[in-house]
Structure formats: C-alpha cells, structure tokens
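Work out the full structure: start from the sequences and follow the hints.
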Amino acid sequence: MINIYNITAFDIVKWFSVVGLIMYSAFAAVVIRQVMTMNESVKDPLNSIILLVSIAHLILSLLLIVVAIVLL
Amino acid sequence: MSMPDVYEAPKKPITTPPVEDSAKREFNEDLRQSRDWWKVVVDEVLEAMGEYPRSAVLGAYNVRPGHKFFTQQEDEEVIMLLRAHPITNVGWILLTIFMLILPMALELTGIFKSVPGGFMFVGKVTWYLMTFAYSFEKFLFWYYSVFIITNERLVDIDFYNFMFRVITYANLNHIEEPASVTGGFIRSVFQYGNVWVTTASEKPTVEALGVPYPDKVVDLISRLSEELEKRREQGK
Numbered sequence: 001m002i003n004i005y006n007i008t009a010f011d012i013v014k015w016f017s018v019v020g021l022i023m024y025s026a027f028a029a030v031v032i033r034q035v036m037t038m039n040e041s042v043k044d045p046l047n048s049i050i051l052l053v054s055i056a057h058l059i060l061s062l063l064l065i066v067v068a069i070v071l072l
Numbered sequence: 001m002s003m004p005d006v007y008e009a010p011k012k013p014i015t016t017p018p019v020e021d022s023a024k025r026e027f028n029e030d031l032r033q034s035r036d037w038w039k040v041v042v043d044e045v046l047e048a049m050g051e052y053p054r055s056a057v058l059g060a061y062n063v064r065p066g067h068k069f070f071t072q073q074e075d076e077e078v079i080m081l082l083r084a085h086p087i088t089n090v091g092w093i094l095l096t097i098f099m100l101i102l103p104m105a106l107e108l109t110g111i112f113k114s115v116p117g118g119f120m121f122v123g124k125v126t127w128y129l130m131t132f133a134y135s136f137e138k139f140l141f142w143y144y145s146v147f148i149i150t151n152e153r154l155v156d157i158d159f160y161n162f163m164f165r166v167i168t169y170a171n172l173n174h175i176e177e178p179a180s181v182t183g184g185f186i187r188s189v190f191q192y193g194n195v196w197v198t199t200a201s202e203k204p205t206v207e208a209l210g211v212p213y214p215d216k217v218v219d220l221i222s223r224l225s226e227e228l229e230k231r232r233e234q235g236k
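One line per chain: the protein sequences are W and G, in this order. With the UniProt record's numbering, letter number 16 in the first sequence gets 16, and the count goes up by one each step, no holes. With the UniProt record's numbering, letter number 65 in the second sequence gets 65, and the count goes up by one each step, no holes.
Derived by calculation from the structure, the hints in this document are not laboratory data. Do not rely on the hints blindly, as some may be mistaken.
[What the hints assert, rightly or not] What follows is a set of in silico ranges between Cβ atoms, one per label pair, in the way DEER data are often shown:
1. W/20 x G/173: 51 to 61 Å
2. G/58 x W/27: 41 to 51 Å
3. G/55 x W/66: 23 to 33 Å
4. G/104 x W/15: 55 to 65 Å
5. W/7 x G/185: 52 to 62 Å
6. G/55 x W/13: 43 to 53 Å
7. G/68 x W/20: 31 to 41 Å
[As the list claims (entries may be wrong)] Distance condition first, Cα-Cα at most 35 Å in a straight line; then the derived DSBU-like pairs of lysine-lysine:
8. W/43 x G/113
9. G/39 x W/43
10. G/216 x G/230
11. G/124 x W/14
12. G/216 x W/14
13. W/14 x G/39
14. G/230 x W/43
15. G/113 x W/14
16. G/230 x G/68
17. G/230 x W/14
[Unchecked claim] Examples of chain G residues toward chain W, derived with CB under 7 Å:
18. 68
19. 125
20. 127
21. 146
22. 166
Just so you know, even glycine gets a beta-carbon here, dropped at the ideal spot from N, CA and C.
See the structure below:
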C-alpha cells in the first residue's frame, strides 16, 4: 500500500515528467504518420531517410520514458 | 632521361558526326503528331529558355527531376519542381542553434546547482529531443511544400500543420496571368520571390512563395500555356 506521507516533491515531478514524456511519444508517433502522408505527396530519394529519422525519434522518446522511470 | 609519354593526344580532334537537321526535324514532326507530342514541346520550350535537366538533393530549383507526385497521371511529366529558397530557413535554423546553446549557458550561471543529477540528465535529453522535433518539423514543412509544373498543369502542395495538406491544381490551358514579385535586399541578392498564377476557376490564384528565379518560372508557365493554346487553336 502506498503511504502518501512518503511522497516527496521530487516524486510528483517525476510522475508529471513521465506523463509529459508519454504525451511527447504520442506526438512522435503522429510525426511518423505525418511523414508517411508527406512521402505520398512527392516521391523522392530522401523519403526513406526522413521516415527512418522520424522512427528513430519515436524510439528515443520511448527510451526516455524508461530512463525517466528508472533514473528519477 | 626523358619520361616516356603515357598518353599522346590525337592530332585531329575527335568530333561526332553532325546530326542531319532535316532528319531531326522530321523525327520531331513525327513525334509531334504522336501521342507523346508534349515531349517535343517541352524539349523546345526548355531549349528556348536555356534550361537543362538538373536536380539536387534538398534542391529548391529542379528541372525535369524525374520525381513522381501524388495524383500524377501516366502521360504527365514533372518539368519543374520548386521549393522555397533555402535562405528562407535561416530564421528557424538560428533559433535551433540558440535552443541548443541555451542549456549550456544556463548551466554556467549555476541556477541548476540544487537540481539532482538524474533530473538534470532527463531534463537536458528532453530539451534536446524537443529542439530536434521543432527543427525536424520546420524542415518537413519546407521540404514537402512544393510547387510543381508539369506538361499539363500546375500543382501546389502545401503543408500548414500536422496532417493538414492543401493541394491546388490549375490546368495550364485554364490559366490567365502568371506574375512574379521580387523585391527587397535579401530577395534581390538571393534571387527569389513569389509567383502568382491567376486562373478562371473559383479559387482564383495558385501561388509559389519564395521560390528561386521567379521570372524564369513565369516564363516557363507562359511558354507552356502558349504552346497548349496554339495546339488547341489548331484543333489538336
């Protein structure tokens, strides 16, 4: 059972940060969808690289959630 | 001791046999009557303008780049693909550099001394990730907002925000008055400006903002439109 008297200000900041990072990851997922829509518009040699960058962005943002939970 | 010659240039210059003008003209005339007549028209227009196929990665002024686009038809070719001049990106690039420097500068002032190391690390990584997202978004809007001139129409693809795409088409034989506007110090130095094309449709103008060589763009649109008009008058 969680004892609310043990919760510090840093714990509150930690879970706010985690929620913020989850929202950021949702944004990163939307960016991938956006890049896919843009790739449809113009077929270009750079399209696949841009898509890879947006996927890497999502992976980094997901990793950051894990890091925040572990480290904070 | 003299060195032996590795390569000796031929005395006579090697020249390719001249192509018979009449044969070329005959070939063009045959092609003009065929289904691919527009290829001859485009070749002639580009030749008259002194343009040649050129394309570069991240290029803002691409002639016959060989790219495909959304809703492109089988007998349609991209003659020119334009983006805003790269210099228009300077504002957000400078802001990105400022955002990259900011955490280091704030750290030097010592205002984060009381913040635990874990929070500092996560905070910094989050900040840099958001900076990346900002610059990536700006880049995407620039890269994918293009103005395309094909042998049949003008296509203006604009992205305003997430998932909001506006595509405007104007047939070359429905356009009325292409116009270009350049002005100001920066625009004159880097030779870019706006192109407006008036059409007879409900949405009156198609625009290309901040594109390189706007006068050449207007020239190409006018010439192509004129060629199509001539063909229409001939009843072809």
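Do the Cβ positions of residue 7 of chain W and residue 185 of chain G conform to the proposed distance bound of 52 to 62 Å? The hint (52 to 62 Å, Cβ to Cβ) holds, given that residue 7 of chain W and residue 185 of chain G are roughly 59 Å apart.
Would the hint linking residue 230 of chain G and residue 43 of chain W be met if the CA-CA limit is 35 Å? holds, 32 Å
Satisfaction of hint between residue 68 of chain G and residue 230 of chain G, Cα-Cα up to 35 Å: Distance of about 28 Å is within 35 Å: holds.
Hinted pair residue 43 of chain W and residue 113 of chain G, Cα distance within 35 Å: violated, 50 Å
Does the Cβ distance between residue 55 of chain G and residue 13 of chain W fall inside 43 to 53 Å? Once the Cβ atoms are compared, 50 Å apart, the range 43 to 53 Å for residue 13 of chain W and residue 55 of chain G holds.
Double-check residue 68 of chain G for me: the hint is only fine if its C-beta lies closer than 7 Å to a C-beta in chain W. holds, 4 Å
Are the Cα positions of residue 216 of chain G and residue 14 of chain W separated by 35 Å at most? violated, 57 Å
Check the hint pairing residue 230 of chain G with residue 14 of chain W against an upper bound of 35 Å on the C-alpha distance. violated, 71 Å
Classify the hint on residue 127 of chain G as holds or violated, based on whether any CB of chain W lies nearer than 7 Å to its CB. violated, 11 Å
Interface hint outcome for residue 166 of chain G [beta carbon to chain W under 7 Å]: violated, 11 Å
Measure nothing beyond the straight line between the CA atoms of residue 14 of chain W and residue 39 of chain G; if it is 35 Å or shorter, mark the hint as holding. Between residue 14 of chain W and residue 39 of chain G the Cα gap is close to 64 Å, so the pair fails against 35 Å, i.e. violated.
Does 55 to 65 Å hold as the CB distance between residue 104 of chain G and residue 15 of chain W, or does it fail? Because 28 Å falls outside the window, the suggested range is violated.
Checked against the numbered hints above, the structure violates hints 2, 3, 4, 8, 12, 13, 17, 20 and 22; every other hint is satisfied.
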